[in-house]
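Participant: Read top to bottom, the protein sequences are chains H and P.
If you count the first sequence from 1, position 61 lands on 61 in the working numbering, and the numbers rise without skipping.
If you count the second sequence from 1, position 21 lands on 21 in the working numbering, and the numbers rise without skipping.
There may be inaccurate statements among the hints.
[Said to hold, decoys possible] Subject to a maximum C-alpha distance of 25 Å in a straight line, what follows is the list of computed SDA-like cross-link-like pairs (lysine to any residue):
#1 P:Lys40 / H:Val13
#2 P:Lys52 / H:Asn32
#3 P:Lys36 / H:Ala78
#4 H:Lys42 / H:Lys68
#5 P:Lys44 / H:Val13
#6 P:Lys19 / P:Lys41
#7 H:Lys68 / H:Ala29
#8 H:Lys1 / P:Lys19
#9 P:Lys36 / H:Arg37
#10 P:Lys22 / H:Asp39
Since the hints were derived computationally from the structure, they do not count as laboratory data.
Given the structure is predicted, the values throughout are model-derived calculations rather than measurements.
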Amino acid sequence: KQEVTQIPAALSVPEGENLVLNCSFTDSAIYNLQWFRQDPGKGLTSLLLIQSSQREQTSGRLNASLDKSSGRSTLYIAASQPGDSATYLCAVGPDYKLSFGAGTTVTVRA
Amino acid sequence: DTAVSQTPKYLVTQMGNDKSIKCEQNLGHDTMYWYKQDSKKFLKIMFSYNNKELIINETVPNRFSPKSPDKAHLNLHINSLELGDSAVYFCASSQEGLGNYGYTFGSGTRLTVV
């Protein structure tokens with residue numbers, strides 16, 4: 001059974017600081033890994049998807065890495081802004097059965 | 001237009017009642033899902049449907065019965081509601097091969113059983 005852990009559970013940083021969010025998973029036989037953002041009372045928004053054959057993906061200020069052998073992924077958010085405040089969830093695939101971590105709640109202070 | 005829409009957004013009901021949550025997606029995706037997010041914020045897969053066919057039933061009590069009349073709709077009917085069913089239920093859809101941004105969630109239905 002796949003178990004996904006996210007550390008830290010919460011993070012508070014001043015605006016402009018870079019964010020580093022960690023995700024680990026127990027079964028390295030994954031199909032893909034996705035990072036989502038969840039705002040309070042809202043659904044999830046897909047941020048980045050890394051296929052199992054890839055090592056990283058980038059979108060704007062976001063960069064996610066994947067190390068299957070060690071069962072780890074890291075999401076980097078550069079130059080954080082108050083609008084980045086949200087809960088960030090890591091999930092490992094396949095798509096038809098994603099396993100989610102409990103998330104890291106990020107607060108960016110203006 | 002909302003890509004994945006769920007109704008209702010909030011549902012408060014008494015134990016023992018039967019209720020339904022509806023979900024519709026207008027993205028043309030071929031796979032739809034129901035997820036449950038509990039009070040500790042863990043999201044767990046409940047059901048996956050591909051082209052109206054059930055492909056994943058993740059040990060969900062049979063009081064929960066999904067129904068997919070067509071590939072754009074996946075409804076969730078819950079019989080004999082229990083206190084432990086209180087949670088936020090998310091519908092989602094995806095299309096294999098779309099890669100990033102392919103997985104789309106609805107805004108959730110907050111179910112409270114009293």
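Participant: Could you run down the list of hints and mark each one as holding or not?
Facilitator: Evaluation of the provided hints:
Restraint check for P:Lys40 and H:Val13: the C-alpha separation of about 23 Å stays at or below 25 Å, so the hint holds. About 24 Å separates the Cα atoms of P:Lys52 and H:Asn32, which keeps this hinted pair within 25 Å; it holds. Between P:Lys36 and H:Ala78, the direct Cα distance comes to roughly 31 Å. Violation of the 25 Å bound is thereby established for this hinted pair. For the given pair, H:Lys42 sits about 30 Å from H:Lys68 by alpha-carbon distance, which is inconsistent with the 25 Å threshold.
This hinted pair does not check out: P:Lys44 and H:Val13 have alpha carbons roughly 29 Å apart, beyond 25 Å. With a C-alpha separation of about 23 Å, the suggested pairing of P:Lys19 with P:Lys41 holds against the 25 Å cut-off. Restraint check: the Cα-Cα separation between H:Lys68 and H:Ala29 comes to about 8 Å, which is no more than 25 Å; the hinted pair holds. For the hint pairing H:Lys1 with P:Lys19, the CA-to-CA distance comes to about 31 Å; that exceeds 25 Å, so the pair is violated.
Taking the CA atoms of P:Lys36 and H:Arg37, the gap is about 16 Å. The hint holds against a cut of 25 Å. For the hint pairing P:Lys22 with H:Asp39, the CA-to-CA distance comes to about 22 Å; that is within 25 Å, so the pair holds.
Hint compliance for this structure: hints 3, 4, 5 and 8 are not met, and every other hint is.
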